[in-house]
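Student: Please build the complete structure, drawing on both the sequences and the hints.
Per the working numbering: the sequence shown = residues 1 to 239.
To be clear, the hints were calculated from the coordinates, so they are not data collected in a lab.
In this text the structure is predicted, and so the values were computed from the model without any measurement.
Incorrect hints may have been included.
Claimed, not checked - Straight line, CA to CA, 20 Å or less: simulated SDA-like cross-link-like pairs of lysine to any residue:
| no. | residue 1 | residue 2 |
| --- | --- | --- |
| 1 | Lys112 | Ala101 |
| 2 | Lys160 | Gly149 |
| 3 | Lys112 | Ala54 |
| 4 | Lys154 | Thr175 |
| 5 | Lys160 | Ala54 |
| 6 | Lys216 | Tyr173 |
| 7 | Lys216 | Asn197 |
| 8 | Lys226 | Ala141 |
To be verified - Distance ranges between label pairs, derived from CB positions:
| no. | residue 1 | residue 2 | range |
| --- | --- | --- | --- |
| 9 | Arg34 | Asp6 | 19 to 29 Å |
| 10 | Glu153 | Leu47 | 21 to 31 Å |
| 11 | Asn211 | Leu151 | 46 to 56 Å |
We treat Cβ as the ideally placed atom computed from N, Cα and C, and that holds for glycine.
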Amino acid sequence: MLQPTDFFDLTDPFVSELFAGCEYVWDVISQIRRHVARLVGDGQTILGEVMPGAYVSDRPLYIAEGARVEPGAYVHGPAYIGPGAVVRHGAFVREDVILLAGSILGHASEAKNSLFLPHAAAPHFNYVGDSVLGHHVNLGAGTKLSNLGMLSEKNVVTGKRPSITIALDDIIYDTGLAKLGAILGDYTQTGCNAVLNPGSIVGPHTLIYANLSLRKGFHPGHSIIKLRQTTRRVERIDR
1 MLQPTDFFDL TDPFVSELFA GCEYVWDVIS QIRRHVARLV GDGQTILGEV MPGAYVSDRP
61 LYIAEGARVE PGAYVHGPAY IGPGAVVRHG AFVREDVILL AGSILGHASE AKNSLFLPHA
121 AAPHFNYVGD SVLGHHVNLG AGTKLSNLGM LSEKNVVTGK RPSITIALDD IIYDTGLAKL
181 GAILGDYTQT GCNAVLNPGS IVGPHTLIYA NLSLRKGFHP GHSIIKLRQT TRRVERIDR
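Tutor: Here you go:
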């Protein structure tokens, strides 16, 4: 229920290798940095198009053939930007980001320590931190994947934050991660301005309604997670 194969199609060996050795789906988060280093190396390989006006740092980067970095984008890295991936105007690629084939990081969107599987998209005003977007996942405009709890203060002795836990069937799973955004299974979609709280684990083929604040924990796949609200019209009296 919480294994990578419960969320993602791993028949592609390139994708499967990213989850090798992961008992639980969130285990990949702590492995992203290692995979970026494995895929990118110590230098820069730029085979795709970096358009005039884009900023690309001198850190390790791999920009594959067919990828495009548009004017106004900021690629800090280290990062792997796969074939056909697009970093649109105003996007911010921070450290340890993997954008696989055909994925999109769009206008005013930011990604950090995150994995985009093929054709995943965060196209408009999104924050993606310490998260995984499955195949063909689409985030509605303004969707935020929050990765750090408000009460996650550092221990004064150890200097460490508490790790995020997931409760399921009377079992508490310690993720071992102080920062964990969302895991979104293949073909999941969010509506505009949805906020997914730290530790949101969502199965594949799920729809999350606009403006919804999703609580942390496991949410089964093939679901529609609805927001119910009432509206009332009153007569306007002009003065």
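Student: Now look at each hint and say whether the structure bears it out.
Tutor: Now the hints, each set against the structure:
no.	hint	verdict
1	Lys112 / Ala101	holds, 18 Å
2	Lys160 / Gly149	holds, 13 Å
3	Lys112 / Ala54	holds, 18 Å
4	Lys154 / Thr175	holds, 17 Å
5	Lys160 / Ala54	violated, 36 Å
6	Lys216 / Tyr173	holds, 12 Å
7	Lys216 / Asn197	holds, 5 Å
8	Lys226 / Ala141	holds, 17 Å
9	Arg34 / Asp6: 19 to 29 Å	holds, 23 Å
10	Glu153 / Leu47: 21 to 31 Å	violated, 44 Å
11	Asn211 / Leu151: 46 to 56 Å	violated, 24 Å
In summary, the numbered hints that this structure violates are 5, 10, 11.
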